[in-house]
Structures are given as C-alpha cells and as structure tokens.
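K.L.:
Starting from the structure of chain A, add chain P where the hints point.
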Amino acid sequence: MADVSYSEPTKIGEATFGDYLALLKPRVMSLVVFTAFVGMMSAPTAVHPMVAIAAILFIAVGAGAAGALNMWSDANIDQNMRRTRYRPVPAGRIAPSESLALGLALAGISVVMLWLAANVLAAILLGFTIFFYAVIYSLWLKHVTPQNIVIGGAAGALPPVIGWVVASGTMAIEAWQMFALIFLWTPPHFWALALFMRSDYDDARIPMLTVTHGRKATRAHILAYTTLLAVLAIAMAFTTLGGPLYFAIAVVYNSLFLLGAIRIWRRNEEAAEADKFIVEKRFFRLSLYYLLFHFAAILAEASLRSLDLGGWI
Amino acid sequence: MSIHVEHELHRRRLGRNLGVGLLLAALISVVFGLTIAKLSTGPMANAQGQVIFE
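Respectively, the protein sequence lines represent chains A and P.
Using the working numbering, the final residue of the first sequence is 313, and nothing's skipped along the way.
Using the working numbering, the final residue of the second sequence is 1054, and nothing's skipped along the way.
Isolated chain P (complex conformation):
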C-alpha cells in the first residue's frame, strides 16, 4: 500500500491557485494593453476621444 503524499485536497488547491494566477495575469495584460491603446491615441482620452489628461 502506498502512502499518498499528495491528498486530493492539494490537487483542488493547486487548481484554484493556478486559476487565480492565470486570471491575474490576464487582468494585468488587459490593463497594460489598455494603457498602451490610450497612450497611442495621443493625449489620455476616453472611448469617445474626450481628453482626460493632456
């Protein structure tokens, strides 16, 4: 009989941690992409092109 070092609970935790990690990475990517998009359209503007910061 083998001793299971990794309990089924650990697998669930790993799944949750990986999921949260991937979500955070996706959020960072979106915010970074959004910043680049806003900066590349000249002064800081909203979706309608109204200037927020010069």
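This is chain A alone, in the form it adopts within the complex:
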C-alpha cells in the first residue's frame, strides 16, 4: 500500500522563518548592535531606557535591511563561493525578489522609526549607512576595485556614530574615533579571510586584493593596516573615551594583533599551505575578539566615568 504522504525538495516560497532571519545576517547585526550600543552609552548625554531600547532595535532592523539587500545583489556571487553558497537565496529557498522587497521594507521602517524614536540626524545616518552598504559597496565598489572592503568598511564603522547621535543629537570627535577604529580594523579582518578562503574570490570574479595584487602584497597590506590600527587604538586611550582600563586592554590586544600580522607577513604560500593557513585563521579569530574587547573597554570606561572613576583622573 502506498503512503500518501511524500516529501519533495525545498522550493522557493517554502522557506522557514529561520531562512528569513538568516537573510538579515544576524552575526553582522550583533556587531552593529553592540558597537551602536557602546556609541550610545559613551555619549555624554543620558538617554531614556525605552528610547535606547527602541533605537538599538531599529538600528538592528536597519542592519538587517542592509543584509537582505546585500543577499539580493550578491546572489550570483554567493552561488560561486564555498563560504556563501548555502545562504537562503543562492540555495533557492528564497527568491531574490523577495529578499529585495524585505530589504527595502525593513530599510524604510527602520529609518522612519529611528527618526520618531530618536532624532532626524540619527535616521539620516542610518539611511546613509544602508545605502552605502547596499548600493555603493555591494553593487559598485565590490566589483570594480581591490580597495572595495577598505572603502566599504565605512558602512560597518558608522553604527557607533549613529548610537552617539541617538544620545547626543550631534557628531563629536569621539564618535569618529570609534568610526576610525572599525574602519582600520576591517581590511586586515577581511584580507585574512581572503587568504585562507583561497579560490573563493577568484571563482566569484571579485577583485579582492589577493586576486589583483597577489597574496604576498595582501600580507604586506595586512601588516600596514594593523600597524596604523595599533597606533590609533593605543592613542585613543589618552582621549576622553579612554582610560587606564582601556589602555591595558589596547596594549595587550594590539601587541597580539601586531604579532599575528608580522607572522602573516613573514610567511610564504608554501608554509601557509603546509599548515592549512593556521596563522591566518588564528589572526581572523583574534580580530573578532580584538574589536569586542576594545568596545567593551570603551563601554567600561564610560560606566566608570558615570561613577566618577573613569579616565586618567
């Protein structure tokens, strides 16, 4: 006797709720939420808790919108890369047009709601960030220049500025210091990934530095950006955002990060292939902790300042 129930492969339109969540790039969203929260908390103006919760939520929705728009524009690229081919759009669980519609709807909702929750400047900055990531980076820069992730990194660096503007209504130098920290951190983070993902960017015909200038030049670029980042990150300890706690964390993490960059720079491809890119993979993992701990230190200094304990006084 035949069983009337049957199973068939997943088709477009049969995605689960989790697939739609995956469209919003939750891991990127968590970084955006955390850095925006630190930006908001380190501003000198106190924010009503409900306003803070709503603002963070709508910034997260804005980040999700940018992610969904990127999934739409990068569907063909994602299909050719091992790292991304199982995403909902290239895997065929969600139609590209659905991803575009969701991205546009969430972008509109997040910008308008942030305006109502906080202020018009924060909303404009959020709108600009989504536009910069989805259009300037994903549709244009990514396909035309090896400096794609350097310039495109600006989109990922803006959330702490938005958080600061939500609280204070203005853009101060401290907000741009946090911007610079993420901006200089982004290239070594992504170039390390490009080194150990090897053929992915070649296969997808993306002009990453590894493809256009070679892997040796990429290793040198990682060291150059890491050196610049270390100078900035440690100098920030002596600004109004920093203090002894931040200084201690910055010295430890920048020493480790620089050491990792020097190791990457001194290696050749034979050595990297031999140990399956262990140094590059460690550097990439360290980069995640690097950013997390720097922003946690900025948050801790801001909390201490509110108790008259922060800074160098």
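No wet-lab data here; the hints were simulated from the structure.
This structure is a prediction, so every number in the text was calculated from the model and none was measured.
Accuracy of the hints is not assured; some may be wrong.
Keeping only pairs whose Cα atoms sit at most 25 Å apart, straight-line, the calculated SDA-like set for lysine to any residue is [said to hold, decoys possible]: (1) A:K276 to A:M81; (2) A:K25 to P:H1007; (3) A:K25 to P:I1028; (4) A:K281 to A:A224; (5) A:K25 to A:T84; (6) A:K216 to A:T239; (7) A:K216 to A:V150; (8) A:K25 to P:S1040; (9) A:K25 to P:R1011; (10) A:K25 to P:E1006; (11) A:K25 to P:G1015; (12) A:K281 to A:A237; (13) A:K216 to P:G1021; (14) A:K25 to P:L1039; (15) A:K25 to A:M197; (16) A:K25 to P:A1026; (17) A:K25 to P:T1041; (18) A:K281 to A:P207; (19) A:K25 to P:L1024; (20) A:K281 to A:N268; (21) A:K25 to A:A105; (22) A:K25 to P:G1019; (23) A:K25 to P:R1013; (24) A:K25 to P:L1014; (25) A:K25 to P:V1030; (26) A:K25 to A:V252; (27) A:K281 to A:V252; (28) A:K281 to A:L307; (29) A:K216 to A:K281; (30) A:K25 to P:A1037; (31) A:K216 to A:F293; (32) A:K281 to A:L228; (33) A:K25 to P:I1036; (34) A:K281 to A:F293; (35) A:K281 to A:F196; (36) A:K25 to P:G1021; (37) A:K25 to A:P207; (38) A:K216 to A:R267; (39) A:K25 to P:T1035.
P.N.:
What follows is chain P alone, placed relative to chain A:
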C-alpha cells in the same frame, strides 16, 4: 499506513506565521513603550529633550 493530514509544508507555514506574529507583537510593544516614555517626559520631546509637540 497513516494518512498525513498535516504536510511538512504546513509546519513551515505555521513557523513563519508564528514568527511574524511574534515580531508584530514585539513591534507594537516597543512603539507603545516608546509612546509612554515620550509622554512621561512631559511635552512630546525627542531623545535630546527638544520639544516636538507641546
């Protein structure tokens, strides 16, 4: 052999509908909380306390 009244497709749809429902409930809660917060700080003000509506 049993006849499956509920296809696997229905389970997915239920999951999506529940997810959207919960998200809408969360959005309503946030907007309501935001309204109360704005009203409780006196005249309608933005995050910096600048008055929008008296």
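K.L.:
Is it true that the CA of K216 (chain A) sits at most 25 Å from the CA of R267 (chain A)?
P.N.:
holds (9 Å)
K.L.:
Taking 25 Å as the top limit, are the C-alpha atoms of K25 (chain A) and G1019 (chain P) close enough?
P.N.:
holds (17 Å)
K.L.:
Going straight from one Cα to the other, do K25 (chain A) and L1014 (chain P) come out at no more than 25 Å?
P.N.:
holds (23 Å)
K.L.:
Run the distance test for K25 (chain A) versus S1040 (chain P): straight-line Cα separation, threshold 25 Å.
P.N.:
violated (36 Å)
K.L.:
Would you check the hint for K216 (chain A) and K281 (chain A), treating anything up to 25 Å between C-alpha atoms as holding?
P.N.:
Holds, because 17 Å separates the two Cα atoms, which is no more than 25 Å.
K.L.:
Taken at face value, is the distance from the CA of L1024 (chain P) to the CA of K25 (chain A) at most 25 Å?
P.N.:
holds (20 Å)
K.L.:
Is K216 (chain A) within 25 Å of G1021 (chain P), Cα to Cα?
P.N.:
With a Cα-Cα distance of about 52 Å, the restraint between K216 (chain A) and G1021 (chain P) is violated, given a limit of 25 Å.
K.L.:
Does K25 (chain A) pair with G1015 (chain P) here, judged by a C-alpha cut-off of 25 Å?
P.N.:
holds (19 Å)
K.L.:
Does P207 (chain A) sit within 25 Å of K25 (chain A), going by the straight-line distance between their CA atoms?
P.N.:
It holds: about 23 Å lies between the C-alpha atoms, which stays within 25 Å.
K.L.:
Just to be careful, I want the Cα atoms of K281 (chain A) and A237 (chain A) compared with a cutoff of 25 Å; is the pair within it?
P.N.:
Outside the cut-off at roughly 28 Å; violated.
K.L.:
Holds or violated: are the alpha carbons of K25 (chain A) and T1041 (chain P) at most 25 Å from each other?
P.N.:
Cα-Cα ~36 Å, so violated.
K.L.:
Please verify whether K216 (chain A) and T239 (chain A) have alpha carbons no more than 25 Å apart.
P.N.:
Not satisfied, since the Cα-Cα distance of roughly 36 Å exceeds 25 Å.
Taken one by one, the earlier hints fail for this structure at numbers 2, 6, 8, 10, 12, 13, 14, 17, 26, 28, 30, 31, 33 and 39, listed in ascending order.
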